[in-house]
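Fit chain B to the given chain A structure using the hints.
In the order they appear, the protein sequences are chains A and B.
Using numbering that gives the first Met the number 0, the letters of the first sequence correspond one by one to residues 0 to 457.
Using numbering that gives the first Met the number 0, the letters of the second sequence correspond one by one to residues 0 to 457.
Hints were generated in silico from the structure; no laboratory data involved.
Check before you lean on any hint, since a few could be wrong.
To be verified - In silico DSS-like cross-links for lysine-lysine, where the CA-CA straight-line distance does not exceed 30 Å:
{"#": "1", "chain 1": "A", "residue 1": "K149", "chain 2": "B", "residue 2": "K426"}
{"#": "2", "chain 1": "A", "residue 1": "K149", "chain 2": "B", "residue 2": "K430"}
{"#": "3", "chain 1": "A", "residue 1": "K21", "chain 2": "B", "residue 2": "K368"}
All of these numbers come straight from a predicted model, not from anything done at the bench.
There are 2 protein chains.
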Amino acid sequence: MALDKFFNPESVAVIGATEDPKNITSMIMKNLIEMGFEGRLVPVNPHHDEVFGHKCYPSLLEIKEKIDLTVISIPARFVPEVLRQQATCGIKNAIVVSGGFAESGYKGAILEEEVMKICKEEGIRLMGPNCIGVLDNYSNFSSSFLPWTKVKRPAKGNLSILSQSGSFAICVLDMLSEEGMGVSKVINYGNRADVGESEMIEYLTDDDSTHVIGIYMESVDDGRRFIDASSSCSKSKPIVALKVGRRDSGIEAVKSHTGTIAGKYEIYKAAFKKSGIVEVNGFTEFLDACKVLSMQKPAKGEKILVLTNGGGFGVATSDMCSDTGLDVANTPESVRKVLSEKFPGYFILSNPIDLTGSSGDEDYGIAMKAALVDNDFFDAAIIIPLMPPETMTEGVVEIISQMARESGKPVVICVASGVYTGGVKTKFEEKGLPVFPTPERCVKAMSVLVERGRMNGC
Amino acid sequence: MALDKFFNPESVAVIGATEDPKNITSMIMKNLIEMGFEGRLVPVNPHHDEVFGHKCYPSLLEIKEKIDLTVISIPARFVPEVLRQQATCGIKNAIVVSGGFAESGYKGAILEEEVMKICKEEGIRLMGPNCIGVLDNYSNFSSSFLPWTKVKRPAKGNLSILSQSGSFAICVLDMLSEEGMGVSKVINYGNRADVGESEMIEYLTDDDSTHVIGIYMESVDDGRRFIDASSSCSKSKPIVALKVGRRDSGIEAVKSHTGTIAGKYEIYKAAFKKSGIVEVNGFTEFLDACKVLSMQKPAKGEKILVLTNGGGFGVATSDMCSDTGLDVANTPESVRKVLSEKFPGYFILSNPIDLTGSSGDEDYGIAMKAALVDNDFFDAAIIIPLMPPETMTEGVVEIISQMARESGKPVVICVASGVYTGGVKTKFEEKGLPVFPTPERCVKAMSVLVERGRMNGC
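Excised from the complex, chain A in its bound form (with noise of 0.2 Å):
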């Protein structure tokens, strides 16, 4: 596809490349050293022989083979100079990564026209000005001059991210890595001159190492491809989006962050649910749906099981299930028939299903065999196994996976954070179950795959 060079270049000329730290293209050389890039690294810059080991060009003109793509963080006034000399070399791809431009006044702006008219001219297509670009974490590329020493690269997997904000596309990499979820692609960019999200929803789309797409959103660069996009991506990849520069204050800053106009939240509202895009507010939300979306298949309806151990956890859960237009519903009494004959009379049936303080493991698989395998009222489940309770072990992780399987139905797992209890969450999410640390940001996440559910028409 005509974008695939911004993310698995064969071979790439930094422009400007140095092992000075204090210039940016030193670290992204680096970073790509460490990420052991496999393409082929071309520095230019006519002032060295070699940077980190590799030989460095005077410029673009001098180089003899196919270059697929330019990183480019020299000073914006120059930046135009270079793109007339990949042009010349037929280099059809160039993320410019340096500041200066639209975002920072009426000068810079004319300058990003500049920019902007000789790529058209010659058909180069440009991730930037002012962005970190991308990271792919399949052909460990990225143009990011962070240093992993100090933003954890997460592990390869099925989500990801298109962010209007670079602070955001670094930290969310590390937010991740904690988090223990993987990432395909982060993709930052910047003032979004040619390349924007309308275009990345596209070519995401067809992108099989991504399977849910979470956007961190400012303003958007064009609201009907948007909606297009996201339409038909959403019918087979998830789409998650968190708006910003929602109230005045936000959308004041928004000016002077992006340079780029809000617009009215509400528009945006309508537009996100008219193409599919399950929509969040804050960090935790955004994390928290981009996971449960890649474990876990969306909710058929909106009957959902509470089981636990910890009554008051159960409660928690409960409100927190109506605030958000889940349905507790009561146990049936056919499977109240069937678990009242094997436990004690003092647990508790209706939903929440209370085992108690003096449950062991043995009692979720019970519960779950008769409330959610052989039973097809409920359409998901919130477990809630607490750890404390001696008669709790490390084995409830495998009876709960296995009977969540056995059901075919959509399970969140909500395990208290702590000490303990963080080796009992890795369990879980081995086994594919999403597991967070309270029972508001379970509820969140069941009602994501609710929502989900509701729009595949499951």
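Same frame as chain A, but now just chain B:
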């Protein structure tokens, strides 16, 4: 004070004590030994001469010395007899851990009435039944039967927690430990047959080691007394309440869980407001509110400076401030003038102040000095130092915390969660500045300080 013996008993009799790991008395004994409880520990059980190296008595009647408190976790039907014996011995306090009382139906309710009749006649104060009881982090006393190997005990601190839910009382310990928050007391009174939250608030009002109180509540023991106690207490100590059982399904769940009536939520809401209680929604908000009130003073108004080197974080924070009623007021002209002389033109001086990805530690000092220390326009600040750029170092912690001190205004910090940034979080919190991992949690925490300021007529 009357209830002191529940927290700092000089001698405790553990009724039914055994080393049998299947019996929870063994865990109660082991916990106390492991915690280094310095009072006298007296097991009572006719079947043993010694339990975990402590001399065991066949009954309370055989003990010659004075006992301050009994911990009772034997089957419910034997509890009245133990209480009669302790009355004979003049033991005035009991924590009844055992379940099988009012929460379990009609028969249990009759038994609970009998228990309370004995207590009233004999002047015994009772915590429970059906409870975890207490953890006093200063006296190293606890009646918890959950193993400290699976629940990490928090450090000593100035926060005390009242919880109607036992599972919440236990899990919150682990959550607090993970957050690095300290605790004074955690109290779970279960069925609340005698001691309940209203009297506990009265008690904690005069407890020197408690500066902030957090309450998890399904229902209230005595509405009038609760409002009186809270109104009086909240004049000097902030109280945070998480009310669950707000919605239909939650109210039903409360009935099954603690056997109480959750009541009309609107009445609770009004009562909290009247009593100067900060109400929160969800476990995360609960912990964050307790944390920020433990670490920072109330804000005198709602004009909030947002300072960052990550534009996107600034925009998101602005939005959320507006959602929460905080005022991201424009930077005063005089401050802009000072900053425009010191900063490059591409730094954004409107509020949020965006130091961009090119800034370093010192820029935070310059901005805070001008906008927060030397100028009284802003009432408080949310500072969001993103650490990925190479120019940002841990030195920024000292700079920001010094300026926060000099300003005398409340400051909260957003450090996006992540592997590297974990260390920065700890360093900020050592300096007394609370750190939250997302803009939304920072903003919510700040809104708590503003609300508290309003209540106290700051």
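Unsatisfied constraints (hint numbers, rising): Hint check: nothing fails, all pass.
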